[in-house]
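S.K.: Read top to bottom, the protein sequences are chains A and B. Heads up, the first sequence is in this note's numbering, so the first residue is 6 and it goes up one at a time. Heads up, the second sequence is in this note's numbering, so the first residue is 6 and it goes up one at a time.
Bear in mind the hints are in silico, worked out from the structure with no lab data behind them. Any given hint could be a false lead.
With a cut-off of at most 25 Å between alpha-carbon atoms, the simulated DMTMM-like pairs for lysine to aspartate or glutamate come out as follows [what the hints assert, rightly or not]:
hint	chain 1	residue 1	chain 2	residue 2
1	A	147	B	185
2	A	147	A	72
3	A	147	B	193
Examples of chain A residues toward chain B, derived with CB under 8 Å [as the list claims (entries may be wrong)]:
hint	residue
4	65
5	150
6	190
Where a beta carbon is used, it is the ideal one built from N, C-alpha and C, also for glycine.
As a plain string of letters, each chain reads:
Number of protein chains: 2
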Amino acid sequence: MSGWLAVAGLGPGDAALVTPEVSAALAEATDAVGYGPYVARVPARDGLARHASDNRVERDRAAHALEMAAAGRRVVVVSSGDPGVFAMAAAVFEVLEDGPAAWRDLDIRVLPGITAMLAAAARVGAPLGHDFCAINLSDNLKPWALIERRLRLAAEADFAMAFYNPRSKARPEGFARALDVLREACGDGRPMIFARAVTTPDEAIRVVPLPEARPEMADMRTVVLLGSSRTRILARPGAPLLYTPRSAPA
Amino acid sequence: MSGWLAVAGLGPGDAALVTPEVSAALAEATDAVGYGPYVARVPARDGLARHASDNRVERDRAAHALEMAAAGRRVVVVSSGDPGVFAMAAAVFEVLEDGPAAWRDLDIRVLPGITAMLAAAARVGAPLGHDFCAINLSDNLKPWALIERRLRLAAEADFAMAFYNPRSKARPEGFARALDVLREACGDGRPMIFARAVTTPDEAIRVVPLPEARPEMADMRTVVLLGSSRTRILARPGAPLLYTPRSAPA
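This is chain A alone, in the form it adopts within the complex (with noise of 0.2 Å):
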């Protein structure tokens, strides 16, 4: 009896962005080990122990999970999205650094998925076609100083820019004092995406210029992209497409 633990990424919402590679390690699977709406996105199936937890309790999941793989079991702990980005995987290698040292002989894979700035990004065009990056609005983990500091930084590179939990009940503010910061760097001419549950049935995407951008346009299931200097907007019947051209000038 050999358990192994599988940290994977179920993508955005869309069952046709699961890898088959996470189908697969999810039909070997004995136990599924998540937040709540993401367990209830495992099919159930006889066999199949699914371990639904709370939000914000992710190194009590990961040491379960580590626990139970340690016994032999085999373990999924499943992620929206990508479980390497603003996820499960570096909560599990947190709690594995601080653990028994036999949980670094366990076999454990990270299998990666769609990440939601990608697919949100996907459905308006192509916003992120340039350099960009991605970062983690919640101070719960980091202080406020750091991330306006990188805000900052990445308005003065001319990054296109992803922003994951912009804003939950427990911090209705910051996503204000973000886009105060963002307003004074990065001008009025960058336009800003609301993408919230993207490629689920409530999916909503929303469009403004920077200057129109408010708190309450983003919650907990919103990501919000915002175009480099150089992204395009292009008109068209329906929605328009947004990209940021490959070239760049001086």
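Once you have looked at the hints, place chain B on chain A.
M.R.: Chain B in isolation, oriented as in the chain A frame:
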């Protein structure tokens, strides 16, 4: 007869990382268009014409695809990885913007894929588990001075970094200059990951401290990752695990 154009990502190489959405589009297509090695990854079948073209003719390829879709064909432009990340989607929209007005009425979709940096990150752990940026190191379409400025700002922001197109036969010197800038701007403490042909039978992954990185460790098939100052290396049997913790000090 109603044509359409899908710009689809085939992922990094392994067929188990092609999304069902992309497979479904290819199953309905009359034409697959792309760089030779990528078109070769599309299974041949009756009713599907495969149009392989050389590297560096992205605009010609995009125009051909748009023309065929406008003529009523069902066309998939294939990219490796994700089409929106340093791949064909931006090229298609550049050509669309410059082309006949009627092209804007076309049914055009972008179908995301697993981009190389996320596949490479998954192979070694979660080095992109905190804020990060993605930079195309090719200076074909942007000046070297801009690349250098972005590298310095990204280092100052303490982003983990992913580098696409680090080196080609036509540009043997650029990556050596990038390494010089990074060593100067980042100091000695960060690990660099060279991930060649990730998820293919030719996969080769090498982790070295930044001071030991050499230009010849990368080629056209390599994506290069650089940890942040906080990236951890967990020794264990076999290859080490690398991850960037979710938390950061001020």
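S.K.: So, for every hint listed, does it hold in this structure?
M.R.: Hints, verified against the model:
no.: 1; hint: A:147 x B:185; result: violated, 30 Å
no.: 2; hint: A:147 x A:72; result: violated, 28 Å
no.: 3; hint: A:147 x B:193; result: holds, 23 Å
no.: 4; hint: 65; result: violated, 14 Å
no.: 5; hint: 150; result: holds, 6 Å
no.: 6; hint: 190; result: violated, 12 Å
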